[in-house]
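Just so you know, the protein sequences line up as chains A and B, in that order.
Just so you know, our numbering puts 208 at position 170 of the first sequence, and the rest follows in order with no gaps.
Just so you know, our numbering puts 8 at position 5 of the second sequence, and the rest follows in order with no gaps.
No lab work stands behind these hints: they were computed from the structure.
Cβ atoms here follow ideal geometry from the backbone N, Cα and C, with glycine treated the same way.
Certain hints may be false.
Under 10 Å between C-beta atoms, here's a sample of chain A residues computed to sit facing chain B [as the list claims (entries may be wrong)]:
no., residue
1, G153
2, L191
3, I197
4, G200
5, L224
6, I225
7, L238
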Amino acid sequence: MSLQDYTDIIKDGLWKKNPGLVQLLGLCPLLAVSNTATTALALGVAVIAVLSLSNLLISLVRKLLIQEIRIIIYVVIIAALVTCVQLLMEAYTPLLYQKLGLYIALIVTNCIIIGRAEMFAAKNSPLKSLLDGLANGVGFTLVLLLLGIIRELIGQGTIFMGLDEFLGPIGNYFTIRLFEADKGLLIAVLPPGAFITLGLVLALKNFIDNGFEQKKKRVKKSNTTDISNQ
Amino acid sequence: MSHTLYQEGAPHDANVSSTGKIMRLVIYALVPAIIAHFYFFGWGIVFNLLFCLISSLVTEGIILKLRGHSLNRLWRDSSAALTAVILAIALPPLTPWYLTIIGCVFAIAIVKHAFGGLGHNIFNPAMGGFVFLLISAPLPMTEYIEAVPNNYLNVTAPRAISIIFNINKEQNLYNAYNDAYKHVITRDDADTFMANFDAITGATFLIDAKHEQPKNNVYSFIKVRMMDLSNYTFFAHLVISSLFLLGGIALIVFKVIDFRIPLSFLLTVIIIASICYEIAPNTYLPTLYHLTFGATFFGAFFILTDPVTAVPKPIGAVIFGIIAGIIFMLIRNFGGYPDAVAFSVLLTNACAPLISILTKRREFGAKSHPGDIYER
């Protein structure tokens, strides 16, 4: 239980094993809800809440679980949490709840949550599991938000349109309009735009990773040549 | 391809072999249709070609450099130029400049190079770019120019440029319309022109017919628009389609494209269109109009036959054409879009690898057990 473990968990969730970009889990909400930045942010927050709490609870009860029916127990725990989130959203942000519609309820079947429960929470301590849930949730939300911003900007020329439905009047300060909606490329808001954008973001991630690797190799090479020169 | 001397294997087929040569021959075969387009629809096509060629070649050049290839390929395979020319013909003549450029960049960078470059792309780049624009900006992508004789005198170069760059657009469109009326007034069909068009740009005949379809009013709509040889719009489209047909036949004679794909495609279209028209003439257009209007011949000879995305094998080519024809007629008669070349080409391209595998021929001497044939 060193500090290294915790930073590794955070690094894995945010970048190395990012659920949205590397594990490619939860593609359904990732593609369906990322047409505006606001819905992306709202769903992301819901996922963070459900994922971290479900990881914590499952990790707490992991020693009491019956192996054969563990998946069912995961689903019951996750469904209970999702229902809480859903009711909270319906009460406090009704407009946004209508926009997100089915996708809040679909968090139950989201592969990320069961995936993290099975891969991580069932084997690790509650504190680690909570951290893993948070890191994965935030990693997923960042990808969702990035897709949402790109798609909304290209499709409608705005960023965070209607954020006041989620954050209250403060949200209006974050809304940016860059050009008129009729000049936007409609395809970005439609389903094909989601696939194209996700593909390009994936390519960008791999490009950055390759850059890092080559840099590392170059550093190693220069180090070895230095040694050989000496 | 390579210039060193060597003896090839047994079937010595004296054929057009280099990719660049094939692509350039296809471009040459399109020239008559482009000239007719210029005559009937004015200077728009010239600027479309210019913008498409520049943006496609620049994009291709940048990506070739990024991928570590030499820029020689720009000329050696000429595929970017062909994509640009096909897209320029497919786009409405006065498309806003930024849409033209976005379409070309998407076609070259995403549809072609993201899948691995020439020879590896699943979808036809030009049609990919076209569909991207059609979905992105439905309004400007359905505003075509009305056919008028000597239209290059009405839609002049300065007017076309100002409309494309959206400077004084309304005024220039109005001037072009006025000139068109003056030119057309000497002809008998001046009344039809005034009755049918209230501007130089507008929806095509196919789009208008699509709007009549839910009312089961297509037959009387055709009568009102007088769509026969006496009508200039019909005449113009007939000429352009015939030139595409001639260009296509020339390509078949020079063995650049295979006759099976266009033939099976057109036959399927004719059969389905005839059946539909026989059953419900008020709802569906007659076969001749399906062939004349829109890009039917253009698609059959120049787009479907793209050697990268089509199926080359004899039986496979026939199946490929038939599937394209069925999808084409389904969209035109029962779908929401007035023209269907782009969508049918893309959907059929997606089927091509499967068709290719399923129609794989047994090699001579190989076992006839199906498992051996379909392996790999």
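Now the hints, each set against the structure:
1. G153: Status violated, d = 28 Å.
2. L191: It is violated, given that the least Cβ distance between L191(A) and chain B is near 14 Å, above 10 Å.
3. I197: violated, 19 Å
4. G200: Violated - the Cβ of G200(A) stays beyond 10 Å from chain B, reaching only about 22 Å at its closest.
5. L224: holds, 5 Å
6. I225: With a closest approach of 4 Å, the I225(A) hint holds.
7. L238: holds, 8 Å
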